[in-house]
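A.B. asks: In case you want the letters, here they are:
Protein chains: 2
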Amino acid sequence: MPDYPKTSRNRVRRLPARASYDAKVIYEIIDEAPLCHIAFSEEGQPFVIPALHGRLGDQLFIHGAPASRLLQHIVADHPVSLAFTVLDGLVLARSIFHHSVNYRSAVVFGRGRVVERDDEKLRALEAISEHLLPGRWAEARAPSRAELDATKVVAIAIESASAKMRSGPPSDDKEDYALPVWAGVLPLALRMLEPIGDLRQAPDTPLPGYVRVLMSPCS
Amino acid sequence: MPDYPKTSRNRVRRLPARASYDAKVIYEIIDEAPLCHIAFSEEGQPFVIPALHGRLGDQLFIHGAPASRLLQHIVADHPVSLAFTVLDGLVLARSIFHHSVNYRSAVVFGRGRVVERDDEKLRALEAISEHLLPGRWAEARAPSRAELDATKVVAIAIESASAKMRSGPPSDDKEDYALPVWAGVLPLALRMLEPIGDLRQAPDTPLPGYVRVLMSPCS
Numbered sequence: 704m705p706d707y708p709k710t711s712r713n714r715v716r717r718l719p720a721r722a723s724y725d726a727k728v729i730y731e732i733i734d735e736a737p738l739c740h741i742a743f744s745e746e747g748q749p750f751v752i753p754a755l756h757g758r759l760g761d762q763l764f765i766h767g768a769p770a771s772r773l774l775q776h777i778v779a780d781h782p783v784s785l786a787f788t789v790l791d792g793l794v795l796a797r798s799i800f801h802h803s804v805n806y807r808s809a810v811v812f813g814r815g816r817v818v819e820r821d822d823e824k825l826r827a828l829e830a831i832s833e834h835l836l837p838g839r840w841a842e843a844r845a846p847s848r849a850e851l852d853a854t855k856v857v858a859i860a861i862e863s864a865s866a867k868m869r870s871g872p873p874s875d876d877k878e879d880y881a882l883p884v885w886a887g888v889l890p891l892a893l894r895m896l897e898p899i900g901d902l903r904q905a906p907d908t909p910l911p912g913y914v915r916v917l918m919s920p921c922s
Numbered sequence: 704m705p706d707y708p709k710t711s712r713n714r715v716r717r718l719p720a721r722a723s724y725d726a727k728v729i730y731e732i733i734d735e736a737p738l739c740h741i742a743f744s745e746e747g748q749p750f751v752i753p754a755l756h757g758r759l760g761d762q763l764f765i766h767g768a769p770a771s772r773l774l775q776h777i778v779a780d781h782p783v784s785l786a787f788t789v790l791d792g793l794v795l796a797r798s799i800f801h802h803s804v805n806y807r808s809a810v811v812f813g814r815g816r817v818v819e820r821d822d823e824k825l826r827a828l829e830a831i832s833e834h835l836l837p838g839r840w841a842e843a844r845a846p847s848r849a850e851l852d853a854t855k856v857v858a859i860a861i862e863s864a865s866a867k868m869r870s871g872p873p874s875d876d877k878e879d880y881a882l883p884v885w886a887g888v889l890p891l892a893l894r895m896l897e898p899i900g901d902l903r904q905a906p907d908t909p910l911p912g913y914v915r916v917l918m919s920p921c922s
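If you read the protein sequences in the order shown, they are chains A and B. Take the position in the first sequence, starting the count at 1, then add 703; the result is the number in my numbering. Take the position in the second sequence, starting the count at 1, then add 703; the result is the number in my numbering.
These are computed hints drawn from the structure, not numbers from a lab. Mixed in with the good hints, there may be bad ones.
Since the list gives no way to pick out one identical chain from another, each pair is judged satisfied if it fits inside one copy or across any two copies.
Taking lysine-lysine pairs in the DSS-like style, the calculated list, with each CA pair at most 30 Å apart, reads [unchecked claim]:
(1) K877 to K855
(2) K709 to K855
(3) K877 to K709
(4) K727 to K709
None of these values were measured; they are calculated from a predicted model.
Working from the sequences, and respecting the hints, build out all of it.
C.D. replies: And the structure:
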């Protein structure tokens, strides 16, 4: 996959060594982030709103109610920016100044269009669903005609994007390494805790395999 | 603490029953979110960038390098919007349509100013540090004169804000409760995994108490 060209819009100015314009790197961050933050601007006033997303190739999909201000704004040919952020850990240096976080983030620029055709709409909803929980789409009841009509789906083609990331141990000033302060990385991860079955189902309803694979020492 | 007045800027239009304008609720979300997303607009082009934050009362603090485009923009008296989002779980309904997420989010509006005075700057940096890892500020080496000068701190007074949240089990259509599909909530939480000590320290350097309290079954 190609790089996104560097322009004044997507060029990373601070710490450019941490930047990437590689579509593959950017897509991986988009796919790993459970949600995104969408920014739009109305008469100079910026707004930022969290949203769930799906991705197919260079198309991002967002869904919501037809009356959603965000979705109405996006499809009125306004530019939007989306951020996808994964926090990987806290970086504890000996000095406050060198403290940092390990992270991977992508910032995307584009414009939206309404997804009108049923087949693309279903593929987009499947992408959003499978992004959150792979395997769920095939098991849950599919959207009815009325539900599909009550759902607005917006596609945003990625026009421009960049990624920025940090990984690895802290980096301290030479003279600080002698300080008796614990230094290192505290890895962070979003983990599934013990599933809570809905009380309104048969108590022996088995936990699906696509949920069991998410079990960890935290669950 | 009072409510933030509802205006066209902060009023939650979709599912207003999930909204809150209570400063206490909003502050709790801000304090729990490990990072925020800041949106700003330049000549109609929105940008959104992740950032670490601290809060003291109704003042939010962001820091970075003096050359940061974001910080330079914020302090030029431009309006900004910040989002703070905590993802609490996936809500699995019997139908795709009723799938949802449990979450708490706050959206804030304000304008920034540079924090010039050393005492306020240090309090702001302490707030950012203690927000990420309570207890760390007192142990790590404090910022030197040169480090303080190389750090720009911006304060954003919260002018307007709102929160939106969902919790609890899925809600399905009456006729779907009979479907043999596991339904419930998959709780999610950001957890610390096993700490990784920096190799450049004495191997017997003890893990600080303020890190040990973050240990969980995942660590």
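A.B. asks: Confirm or reject each hint.
C.D. replies: Against the structure, the hints come out as follows:
| no. | hint | in the structure |
| --- | --- | --- |
| 1 | K877 to K855 | between (56 Å within a copy, 24 Å between copies) |
| 2 | K709 to K855 | between (32 Å within a copy, 26 Å between copies) |
| 3 | K877 to K709 | neither (35 Å within a copy, 52 Å between copies) |
| 4 | K727 to K709 | within (16 Å within a copy, 42 Å between copies) |
The structure does not agree with numbered hint 3 stated previously, though it agrees with all others.
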